[in-house]
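Please model the complete structure; the sequences and the hints are all you need to start from.
Note that the working numbering gives residue 173 to position 173 of the sequence shown, counting from 1, and the numbers run on in steps of one.
Treat each hint with caution, since some may be false.
[What the hints assert, rightly or not] With a straight-line cut-off of 27 Å between C-alpha atoms, the simulated BS3-like cross-links for lysine-lysine are:
(1) Lys-114 x Lys-93
(2) Lys-93 x Lys-203
(3) Lys-68 x Lys-194
Hints listed in this document are in silico derivations from the structure and should not be mistaken for laboratory results.
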Amino acid sequence: MRALLVDDHRLFRAGLRELLTQRGFDVVAEAADGAEALARVREAAPDLVLMDLQMPGMGGIEAIRRLKAEFPDLPVIVLTASDEDADLFETIKSGAQGYMLKSLDSDTAVDLLKGAARGEAALTPQLAARILAEFARADSLARAAGPAATPRPAAEVAAETLTAREQEVLALLVGGASNKEIARRLVVSENTIKYHLKNILQKLHLHNRAQVAAYAVRHGLTRPPVNE
1 MRALLVDDHR LFRAGLRELL TQRGFDVVAE AADGAEALAR VREAAPDLVL MDLQMPGMGG
61 IEAIRRLKAE FPDLPVIVLT ASDEDADLFE TIKSGAQGYM LKSLDSDTAV DLLKGAARGE
121 AALTPQLAAR ILAEFARADS LARAAGPAAT PRPAAEVAAE TLTAREQEVL ALLVGGASNK
181 EIARRLVVSE NTIKYHLKNI LQKLHLHNRA QVAAYAVRHG LTRPPVNE
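Dropping the structure here:
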């Protein structure tokens, strides 16, 4: 897994590079801000970007938006000291595939990054719960405002095109299951699950699992899976 590290603290990048290299990652480039990150992605073609939020010049949120516009399939994971809800929610809305705190222990951080390499959201259960709760809260407020104030979103309309199997996969994803666990529950291969997830992302016009889970909860797109 070829990784790009983006953080304005050189000493932190050095320590992170050493950790990831020891765990089998290939750190192909580093950047000190968002603008440099864009240039490094174009030059080094990494498989994964690990990005800080608060940096001089172009910060993480703006860099994520620009990266996803130019490289929509490139996983971007935020690694930050900020535990603020506003940063967490805005990061996911911008297209990041995960949000990790710098206070995480190294084993957990590496496990989350390896999961991201498999297409999973790099989120601890605690952060995932906060994201889903926020989208559910926002949906409740919108519905309370009345039908005229809440036109059906594109994701909800597009969800009508999901097959029964895709809806089963979606329900398990919202429950926090990994690709391996979903495959076991539905008695299919992991490659089949990846195929279904790719279709779900395309149909809902979303970029990653975290966004899919949040939208599913927000718009009531899931139903209990039939295969247990």
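Status of each hint after checking the structure:
1. Lys-114 x Lys-93: Given pair Lys-114, Lys-93 holds - Cα atoms ~22 Å apart, limit 27 Å.
2. Lys-93 x Lys-203: OK: Lys-93 and Lys-203 at ~17 Å, within 27 Å.
3. Lys-68 x Lys-194: holds (20 Å)
Comparing the model with each numbered hint stated earlier shows that all of them hold.
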